[in-house]
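So the sequences go chain by chain: R and Y. Counting in this note's numbering, the first sequence runs without a single skipped number right up to 110 at its last residue. Counting in this note's numbering, the second sequence runs without a single skipped number right up to 114 at its last residue.
Mixed in with the good hints, there may be bad ones.
[As the list claims (entries may be wrong)] In silico SDA-like links for lysine to any residue, alpha-carbon gap of 25 Å or less:
(1) K59/Y <-> E41/Y
(2) K57/R <-> T106/Y
(3) K9/R <-> L45/Y
(4) K70/Y <-> N59/R
(5) K70/Y <-> Q41/R
(6) K9/R <-> G84/R
(7) K9/R <-> K57/Y
(8) K59/Y <-> D1/R
(9) K57/Y <-> K57/R
(10) K59/Y <-> E98/R
(11) K56/Y <-> L96/R
(12) K57/R <-> L61/Y
In short, the hints are calculated from the structure, not lab data.
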Amino acid sequence: DSGVTQTPKHLITATGQRVTLRCSPRSGDLSVYWYQQSLDQGLQFLIQYYNGEERAKGNILERFSAQQFPDLHSELNLSSLELGDSALYFCASSRLTEQFFGPGTRLTVL
Amino acid sequence: TQLLEQSPQFLSIQEGENLTVYCNSSSVFSSLQWYRQEPGEGPVLLVTVVTGGEVKKLKRLTFQFGDARKDSSLHITAAQPGDTGLYLCADHPTLNFGNEKLTFGTGTRLTIIP
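Only chain R is shown next, with the shape it has when bound in the complex:
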């Protein structure tokens, strides 16, 4: 158990819909990272927040957005979903050089 929690575990939805994925970092960790893992693209960095502020952005689509709240939990919002958005979405939090990953949310878009 990494100490990072993600909900929900699984999510099945239809094209065009909007979903929200939630992440709670390990106690005391200020950084939250979001990654997407798909069969064709592998594990890719989406976005990082540090203590409530956006710190770095990767290959995140404009249809996707995230935020980190004062209690340090984070949410990843995915809108106008397409079939290709089906993937595993991981959240991680960090301390020094180690990132601790949550168990992921498996998103299936039908």
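Given chain R's structure and the hints, the job is docking chain Y onto it.
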């Protein structure tokens, strides 16, 4: 954009055998990390190597960082079913405090047959 290629993509061997998997980068690593990801779980950090030529051992796992810091290998001795998983190398921008996004390799999916 840094590209990290791992080989082989898939590897299936018998319990007790030895194996080596590889990670090659299109550019010099800041620091290199190896992760193992088991089905239904997120990646878990195995090791971080920073210095060219560095060798680290973790029980039956030996990690080697190339002298030019552009490649790495992971050697497993006497593989066990518990070693089954997806092995990922990653570049970690150690000196870029506050912006430690990981760039992951393509992965090696390892299956150890009992």
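Structure-based check of each hint:
Between K59/Y and E41/Y the CA atoms are separated by roughly 22 Å; this keeps the pair inside 25 Å, and the hint holds. Of the supplied pair hints, the one linking K57/R and T106/Y holds, its CA atoms being roughly 20 Å apart against a limit of 25 Å. Restraint check for K9/R and L45/Y: satisfied, since their Cα atoms lie roughly 22 Å apart, inside the 25 Å limit. Distance hint between K70/Y and N59/R is fulfilled; the C-alpha atoms sit about 23 Å from each other, no more than 25 Å.
A hinted pair counts as satisfied when its Cα atoms are at most 25 Å apart, and K70/Y with Q41/R qualifies at roughly 21 Å. The hinted pair formed by K9/R and G84/R meets the criterion: a straight-line CA distance of about 19 Å does not exceed 25 Å. Restraint check: the Cα-Cα separation between K9/R and K57/Y comes to about 34 Å, which exceeds 25 Å; the hinted pair is violated. With a CA separation close to 21 Å, the supplied pair K59/Y and D1/R stays within the 25 Å bound.
Proximity of K57/Y to K57/R is assessed by CA-CA distance (about 34 Å); at most 25 Å being required, the pair is judged violated. Distance check on the hinted pair: K59/Y and E98/R sit about 20 Å apart at the alpha-carbon level, within 25 Å; holds. Note on K56/Y and L96/R: the hinted pairing holds, with a Cα-Cα distance of about 19 Å set against a maximum of 25 Å. For the suggested pair K57/R and L61/Y, the alpha carbons sit about 33 Å apart, so the restraint of at most 25 Å is broken.
Violated hints, in rising order: 7, 9 and 12; the structure is consistent with all others.
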